[in-house]
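Protein chains in written order, with my numbering: chain A, 1 to 243; chain B, 1 to 81.
It is worth saying that the hints were derived from the structure and are not from the lab.
Owing to the predicted nature of the structure, the values given are computational and were not obtained by experimental measurement.
Note that CB positions come from ideal geometry on N, CA and C, so glycine has one too.
Check each hint, because a few of them may be wrong.
Said to hold, decoys possible - Below are the DSS-like pairs computed for lysine-lysine, each with C-alpha atoms no more than 30 Å apart in a straight line:
{"no.": "1", "chain 1": "A", "residue 1": "Lys131", "chain 2": "B", "residue 2": "Lys2"}
{"no.": "2", "chain 1": "A", "residue 1": "Lys177", "chain 2": "A", "residue 2": "Lys131"}
{"no.": "3", "chain 1": "A", "residue 1": "Lys131", "chain 2": "B", "residue 2": "Lys5"}
To be verified - Just a few of them, taken from the derived set where beta-carbon distance is under 8 Å, the chain B residues facing chain A:
{"no.": "4", "residue": "Leu4"}
{"no.": "5", "residue": "Leu53"}
{"no.": "6", "residue": "Leu54"}
{"no.": "7", "residue": "Ala64"}
To be verified - Estimated spans, in silico, between C-beta atoms of each pair:
{"no.": "8", "chain 1": "A", "residue 1": "Ala99", "chain 2": "B", "residue 2": "Ala8", "range": "40 to 46 Å"}
{"no.": "9", "chain 1": "A", "residue 1": "Pro183", "chain 2": "B", "residue 2": "Gln10", "range": "37 to 43 Å"}
{"no.": "10", "chain 1": "B", "residue 1": "Ala27", "chain 2": "A", "residue 2": "Val57", "range": "30 to 36 Å"}
{"no.": "11", "chain 1": "A", "residue 1": "Leu33", "chain 2": "B", "residue 2": "Thr22", "range": "35 to 41 Å"}
{"no.": "12", "chain 1": "B", "residue 1": "Leu44", "chain 2": "A", "residue 2": "His105", "range": "32 to 38 Å"}
{"no.": "13", "chain 1": "B", "residue 1": "Ser72", "chain 2": "A", "residue 2": "Val174", "range": "25 to 31 Å"}
{"no.": "14", "chain 1": "B", "residue 1": "Pro45", "chain 2": "A", "residue 2": "Ile171", "range": "45 to 51 Å"}
{"no.": "15", "chain 1": "A", "residue 1": "Leu235", "chain 2": "B", "residue 2": "Leu44", "range": "41 to 47 Å"}
{"no.": "16", "chain 1": "B", "residue 1": "His40", "chain 2": "A", "residue 2": "Val57", "range": "24 to 30 Å"}
{"no.": "17", "chain 1": "B", "residue 1": "Trp19", "chain 2": "A", "residue 2": "Phe58", "range": "39 to 45 Å"}
{"no.": "18", "chain 1": "B", "residue 1": "Thr42", "chain 2": "A", "residue 2": "His105", "range": "20 to 26 Å"}
This is what each chain is made of:
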Amino acid sequence: MDVGTQLFTFGAAFLGSAVESVEALTIVLAVGLTRGWRAPLYGTVAALVSLAVLVVVFGQLIVQRVPESSLKLIIGTLLLLFGLRWLHKAVLRSAGVVAMHDEEHAYRQTVSQLQGAVAQRDWVGFVIAFKGVFLEGIEVVFIVVAVGGTSRYFPEAVAGGLLAMLVVAAIGVVVRKPLARVPENTLKYAVGIILTSLGTFWAAEGMGASWPGDFVSIFFLVAAFLGASQLAVQLVRRRPVLA
Amino acid sequence: MKFLKSAAAQVIGLFVADWVQTAVIVAIVAAAWYAISGLHLTPLPVLVALVLLLAAQHVWFALAEARREAGSRPLPSPSPR
């Protein structure tokens, strides 16, 4: 293993975590600015602790218990499914078929759900922040465990995920409004391509095949999936309006 | 209970948006695995076929969903004369 795989592992965890952290931040900000900060911050911390437990448990289980070839085949296939799902959605958004994710809209929606009297112990604020951070974080846990466990660069994957979370949280503290200018679709597109390429690479290695040029072939996979998705965007844009 | 249900849906949703597409992807990977491990074919052509098939299904299913979306949108109302 090498610097290239280390960088892909870190990059995939960082970008994937950044996208999901932006969405979680929108929910926490909506709750905090509407109902006060104590309950949503407790909810966020509780969710982060639960997610950390999942990373440690599944990370240890995967790294220590599962044989390398099976791990690569199974996790590679799951990464492939996960990456293609993100890529599919990003292609449809780029082509204008599906609306772009709008953080301002998500923020307003959460705020309107939260209007009303605030009790002394704000369980609603706690639960909404917990649920938002936990559910958005599950995708980050999968990316970190899958890319870290399969590449055997677990610390790099955890570092990438944590760094992205800290960067987004720091920006959130400074600006105190939803990060609507973050190009979420572009990030999801990039992560989709990286995860699809890594998934294909590892699934094939798990089958017993060796890629020509080892990790360098990941760049060719990235080029192939980028080309295919761009072709998909062009074809979708050119389709007749009424089928 | 509601939270557990949405967590379970979230976990399944990580990998599955369209069950047919998921089945196709798994079938492509399984066929490549069988060709390499079971039939002991030379890996390189199998890897090339694997990547091409995965790329092709990606384009195919994006177009299929775009057609579905276009079909499900309400027809534009006739313009007033």
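Status of the hints after comparison with the structure:
| no. | hint | verdict |
| --- | --- | --- |
| 1 | A/Lys131 / B/Lys2 | holds (11 Å) |
| 2 | A/Lys177 / A/Lys131 | holds (20 Å) |
| 3 | A/Lys131 / B/Lys5 | holds (12 Å) |
| 4 | Leu4 | violated (11 Å) |
| 5 | Leu53 | violated (11 Å) |
| 6 | Leu54 | holds (6 Å) |
| 7 | Ala64 | violated (10 Å) |
| 8 | A/Ala99 / B/Ala8: 40 to 46 Å | violated (26 Å) |
| 9 | A/Pro183 / B/Gln10: 37 to 43 Å | violated (24 Å) |
| 10 | B/Ala27 / A/Val57: 30 to 36 Å | holds (31 Å) |
| 11 | A/Leu33 / B/Thr22: 35 to 41 Å | holds (39 Å) |
| 12 | B/Leu44 / A/His105: 32 to 38 Å | violated (48 Å) |
| 13 | B/Ser72 / A/Val174: 25 to 31 Å | violated (42 Å) |
| 14 | B/Pro45 / A/Ile171: 45 to 51 Å | holds (48 Å) |
| 15 | A/Leu235 / B/Leu44: 41 to 47 Å | violated (29 Å) |
| 16 | B/His40 / A/Val57: 24 to 30 Å | violated (38 Å) |
| 17 | B/Trp19 / A/Phe58: 39 to 45 Å | violated (25 Å) |
| 18 | B/Thr42 / A/His105: 20 to 26 Å | violated (52 Å) |
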